[in-house]
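All the letters of the sequence shown, read from the start, carry residue numbers 1 to 282 under my numbering.
All clues given are correct.
Below are the EDC-like pairs computed for lysine to aspartate or glutamate, each with C-alpha atoms no more than 16 Å apart in a straight line:
1) K106 to E266
2) K227 to E188
3) K141 to E268
4) K142 to E268
5) K145 to E268
6) K145 to E266
7) K106 to E268
Read the hints as simulated data drawn from the structure, not as lab findings.
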Amino acid sequence: AFTGNANMLQVIFFALLFGFFITKAPEKPKKILTDLFEAAFDIVMRMASWVMKLVPYGVFCLIVKVVGETGFDVFRPLGAYMLTVMLALIIHAGVVLPLLLKVVGKISPIAWVRAMSPALMTAFSTSSSALTLPTTLNTLKKRGKVSNRTSSFVAPLGATVNMDGTALYECIGVVFLAQYYASAGNFELTLSAQVTVVMAAFLASIGAAGIPSAGLVMMLTILSALKLPLEGAALLLAVDRPLDMCRTTVNVWSDTVGSAIVAAREGETGLAESGSDQHAPS
1 AFTGNANMLQ VIFFALLFGF FITKAPEKPK KILTDLFEAA FDIVMRMASW VMKLVPYGVF
61 CLIVKVVGET GFDVFRPLGA YMLTVMLALI IHAGVVLPLL LKVVGKISPI AWVRAMSPAL
121 MTAFSTSSSA LTLPTTLNTL KKRGKVSNRT SSFVAPLGAT VNMDGTALYE CIGVVFLAQY
181 YASAGNFELT LSAQVTVVMA AFLASIGAAG IPSAGLVMML TILSALKLPL EGAALLLAVD
241 RPLDMCRTTV NVWSDTVGSA IVAAREGETG LAESGSDQHA PS
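Generate the whole structure from the sequences, applying the supplied hints.
Below, the structure is given as structure tokens:
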């Protein structure tokens, strides 16, 4: 009923609120609920992995339908969409995060990116921040010289809620689809709708699982909130794999930058020094 009425954002907000109060519950009920939800999450992830194997066939059928209705002209704006996403990710990863690292953490961005290269390469190849997490932790501790106390807290938290690459991607993707449908006269992209996109992308990125193409799945939530046709996501899925690899790398890069800044603020020294020549196990 919630999804049918396009109330997925309310569901996500309720889930975040419910999870917060679980942490405040007494130990016994908290453990029961935590074990229950962890088991349910594991089952859902297994189901999602199975469904993802069938996705290419579904995407092909949907693209054939769209091309049959609109022709091949749809692929021209799709190329512009890809370039826009890549440019946004490059600016965020290459300008914004290094500035934070240098100004707030007092750490050389070049030295830090060299130290974090194993985690970044793993993120790029797997498109999963969850699968990259063990490598991220090892890289932070052995090459970045971040303490176990800091890295074990910040990195897992970041892999769950710090999805800035995903948030950027979702904002651009939904605005692209909104403009596409607006040009066809099926949707009006007002200022309030754009604000809704930004807020929805923020909430949806927090709720995104660390698996390949999870950001695209969460984008369906935003499309529902804006009452846009969900079939539009099929267009984005056709070019999602390379973008998924890039935004996952940005997500992990952001997690490592956050870990470095927290470590520096905690008074830890020698970050990324004499560690970049070691190889962290993956």
